[in-house]
Amino acid sequence: MQYLCQLDDIVPNTGVCALYKDKQIAVFRLADNRIFALDNYDPFSQANVLSRGILGDLDNQVVVASPIHKQHFNLESGQCLEDEKIKLTSYAVIIKEGAVYL
Amino acid sequence: MKKRLIVVGHGMVGHHFVCQAITLGLTEQYQITVLSAEPRPAYDRVQLTRYFDTLNAQDLNLVDTDIYSEKNIQLLLNTPVTAIDREQKQVHTEQDIFDFDILILATGSYPFVPNVPGHQDPRCFVYRTIEDLDAIIAAAKTSQVGVVVGGGLLGLEAAKALTTLGLNTHVVEFAPQLMAVQIDAQGGDLLRKKIEALNVKVHTQKNTQCIEPGIEHPLRMKFGEDQFLEADLIVFSAGIRPQDQLAKTCGLTLGERGGIRINDYCQTSDPTIYAIGECALWQNRIFGLVAPGYQMATIAAQHLSGVENKKFEGADMSTKLKLMGVDVGSIGDAHGRAPDSQHIFYQNPQKGIYKKLVTSVDGKQLLGAVLIGDTTDYSNLLQLYLNNMTLPEEPEGLILPSLSGKNNALGVAALPDTAQICSCYNVNKATLCSAVREGAHSLTDIKNCTSASTGCGGCTQLVKDIMQHELKQLGITVNNHLCSHFSYTRQELYHLIRVEELKTFDQVIAQHGRGLGCDICKPTVASILASCWNDYILKTEHAGLQDSNDYFLGNIQKDGSYSVVPRVPGGEITPDKLIVLGEVAKQFNLYTKITGGQRVDLFGARVEQLPAIWRMLVDAGFETGHAYGKAVRTVKSCVGSTWCRYGVDDSVGLAIEVENRYKGLRSPHKIKMAVSGCTRECAEAQSKDVGVIATEHGWNLYVCGNGGMRPRHADLLASDLDKETLIRYVDRFLMFYIRTADRLQRTSVWLEKLEGGLDYLRKVIIDDSLGLAAQLETEMANIIGTYQCEWKTTIEDPIRLKRFTHFVNSKRSDDNIVFVQERQQIRPATQTEKAQLSSLEV
Ligand code: SRM
Ligand SMILES: Cc1cc2nc3c(=O)[nH]c(=O)nc-3n(C[C@H](O)[C@H](O)[C@H](O)COP(=O)(O)OP(=O)(O)OC[C@H]3O[C@@H](n4cnc5c(N)ncnc54)[C@H](O)[C@@H]3O)c2cc1C
Ligand code: SF4
Ligand code: FES
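Chain order of the listed sequences is A and B.
Residue numbers for the first sequence follow this note's numbering, so the first one is 1 and each next one is one higher.
Residue numbers for the second sequence follow this note's numbering, so the first one is 1 and each next one is one higher.
For the record, the hints were derived by calculation from the structure and aren't laboratory data.
Given the structure is predicted, the values throughout are model-derived calculations rather than measurements.
Backbone N, C-alpha and C define an ideal beta-carbon position, used for all residues, glycine too.
The reader is advised that the hints may include incorrect statements.
What the hints assert, rightly or not - Chain A side only, calculated, beta carbon under 7 angstroms to chain B, not exhaustive:
1) Asp8
2) Val11
3) Ala18
4) Lys21
5) Leu58
What the hints assert, rightly or not - Not close to chain A: a few residues of chain B, all C-beta gaps over 12 angstroms, as computed:
6) Arg220
7) Gly517
8) Asp535
9) Ala612
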């Protein structure tokens, strides 16, 4: 388990990018303080940008939209909604005393 | 060998005949030749007056000449036919002789000019062709007073044109009232009052006896002993006469008062010769409207092809039009001439409305109607009349304003299938309904597959109503909801937010939506909130709504780096500021480029560098250029009168003022503007959402232009404005757009979808027809008063600055952003280059 940041470092309804053993992880916080973590790398644009996407829900799934070309990824599973062949790694996150751990 | 078919006259109807001939495959049997007296292919004469707006004849063109050549149809312009030889079956022009097997006469009509002595003066004109208009425009340049002879439909249209040209305008009418053919005396009185209120002087019961040289103006029209009127130019619009000279000299049967006699298939007394359009006389009637002419063209073509034996059955002459902004409608027996007919009136002098119904004795059938000042009931009444439908118990309900709020109009459901909905293209209700059933679910689809509503446009509302009704019948819900979280359009959401003074997305979705929101509704609501309340967009409650571009106040690039675009109002920049741009770019190793918007873009900034870059820029007096936002972008300028030898006004000064006024304004899509110093238009203002061009008398205001993927020329909204009025109109225009447009809809598309189009927009912006102007101006003043440079606010706020790091838990940079050198500057490395570089490092 590695410490990433304080919960308050993430503005509600946005994401941040955290460094975890040389990997870039996008960590998202919803308004109800649910936290999700996915790869930060957007396979479509090949850029490390997913933490900067807009959060929301589509077809009863919580998703993030890539800021480059708007593909959606399920926050829980990492599954891309537009292309079933593409699935990001999702990570389990733990919150303890206002801190976020992976 | 193919048979030869010759069409004489390439007006609206001649052209329509050719189109029908193509559709019906007549080009397989006939070699078609069209001989035209005019110098250009057929154009939209009905819209002739629009020529004054653009002075571009091409805008009125109806003909796709490629299709003509594809079908091997010969179109000879400037080639009047001088004679017809029926024995030899030949037509003669000045140069040539053409053989024919079938001849179509579509020679139209000519303006009637009463034989008053002096009418040949070169300052006397008619109003029928583009050349006529050019001549009037040229003469108007040196004129102050213009007179139109004739107070009918066309006369009033000509009068409007003269006022647009800036002339002091008079209308002289022989009858005791205006539009005596279409409306009754009481309606005529009201129309006159309305037209006089527009500064046109109306003289009825005046018979011009002669035209002589005047004293104050070159022409003097004498009406009686010492009654006269002086003018600089005169336009005759005293009716039309069928162009039947050719037919007459070759011995075809004419009517007693002219017109080429035709049977129900549009054949003349010689069965190989057809006559269609305004030159043709059917059952002793001439039809001076385009729709019946189109019907004749179709019937003649069908008759020739033998596919169908439809007969011409006459046409309804009801009209609805807008004369100088005054709505006028006339249906059937407007004068109530039928014996024992009953008349029902409604009059509201204060609002300038007059309506009359003419019904049968028993009050069950509608025989005619007159509507002045308000024609909303027109299509409803027209359908009742055309389909001979039984009127409701209390027919007055049809024209009384509905005080109870209940709608008196008969629903489209009540219309019979045979009801003709579009008279221009003869489309009935059944055709529309089956088009909907076959999948046409939008007005555009319907237009494409039935042609309905592509002519005069008068039937558009009815076509839409029928479409909607049919869709409902089919159980199809057409929704233009924003997304799955909101069952509202952007416009409806805007109103809810404004009226209920909602200030955050959470409030909006809690009260009017469901779920968490998405990348469609969040930025849309963020944009509406900004347009309404102009809050700082990075406030915690707004932050998560913004597109990444807005969230980091820069445009994200393909590799995740950002661009930096400082505002350069009007494109004017001092050497010192240019040097600062250079220094910043050098210090942070940014790629620099001059943009198409007259400023400089700096690319390749990493997210963590943005605050330091902007610190330097803000200190040097730069502000954000909002290149990342759906907001006002740039106001381009040309050199203007300060330096340019052609400039008539200071375009740079105005551009800077305009840009500073509207900078930061958020909107449904980006807004671009430009100001040119003269008609040479070096700033390309006519391709902008708002374009301004200096004239000798002030500024012309153009709106709704677009470059980009679907270029659109801007429309002239108003001319010769002083600066104050100009700014006022722009305030209103922008706010009205923000209020009503869809998300991501540029002004160009918005205008094309706006019901009533440019005329409606003019009414709202200039005449304040919705009574909104003051409110729109206040809303704009509020935005202007609360402007802040988002970057300045941001660099002064440590909390906001926190987000400008790539990692929340490390100071490192994103190692996936890699640049290589090209032409002495950086550019993003390609994937292959990245692979090579990293293998080198190992
Ligand atoms: C930088 C610039 C090209 C240049 O180097 O000249 C540019 C660059 C971009 N344009 Fe543009 N446009 C630029 C002038 C134009 C112009 C010319 C003009 O404004 O005079 C046009 C056509 C005029 C018009 O908009 O009517 C233009 C039509 C577009 C369009 C198509 C809009 C349309 O209605 O069809 C888009 C796409 C969109 O907005 O959806 C677009 C979108 C873009 C975006 C924002 C694409 C994106 O989302 O990343 C580019 C980002 C630039 C950046 O990262 O900073 N850009 N773009 C120009 C910036 C001007 C400025 O100083 O702000
Ligand atoms: C200002 C204005 C506004 C109008 N508004 C409306 C309206 O709102 N609604 C409506 O329904 N109608 C309106 N009209 C009437 C409408 O324009 C006409 O009904 C329609 O144009 C008739 O078409 P046509 O082809 O019969 O005649 P035209 O369009 O006149 O075409 C006849 C053509 O034949 C040519 N020609 C004549 N003689 C010869 C020859 N010997 N050899 C070769 N060519 C020849 C002429 O030069 C002309 O080009 C308006 C007309 C005007 C002028
Ligand atoms: S538009 Fe006219 S004033 Fe402006 S630069 Fe061009 S020529 Fe000069
Ligand atoms: S009635 Fe003219 S377009 Fe339909």
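Verification of the hints:
no. : hint   : in the structure
1   : Asp8   : 10 angstroms, violated
2   : Val11  : 5 angstroms, holds
3   : Ala18  : 5 angstroms, holds
4   : Lys21  : 12 angstroms, violated
5   : Leu58  : 6 angstroms, holds
6   : Arg220 : 72 angstroms, holds
7   : Gly517 : 5 angstroms, violated
8   : Asp535 : 15 angstroms, holds
9   : Ala612 : 19 angstroms, holds
The structure does not agree with the numbered hints 1, 4, 7 stated previously, though it agrees with the rest.
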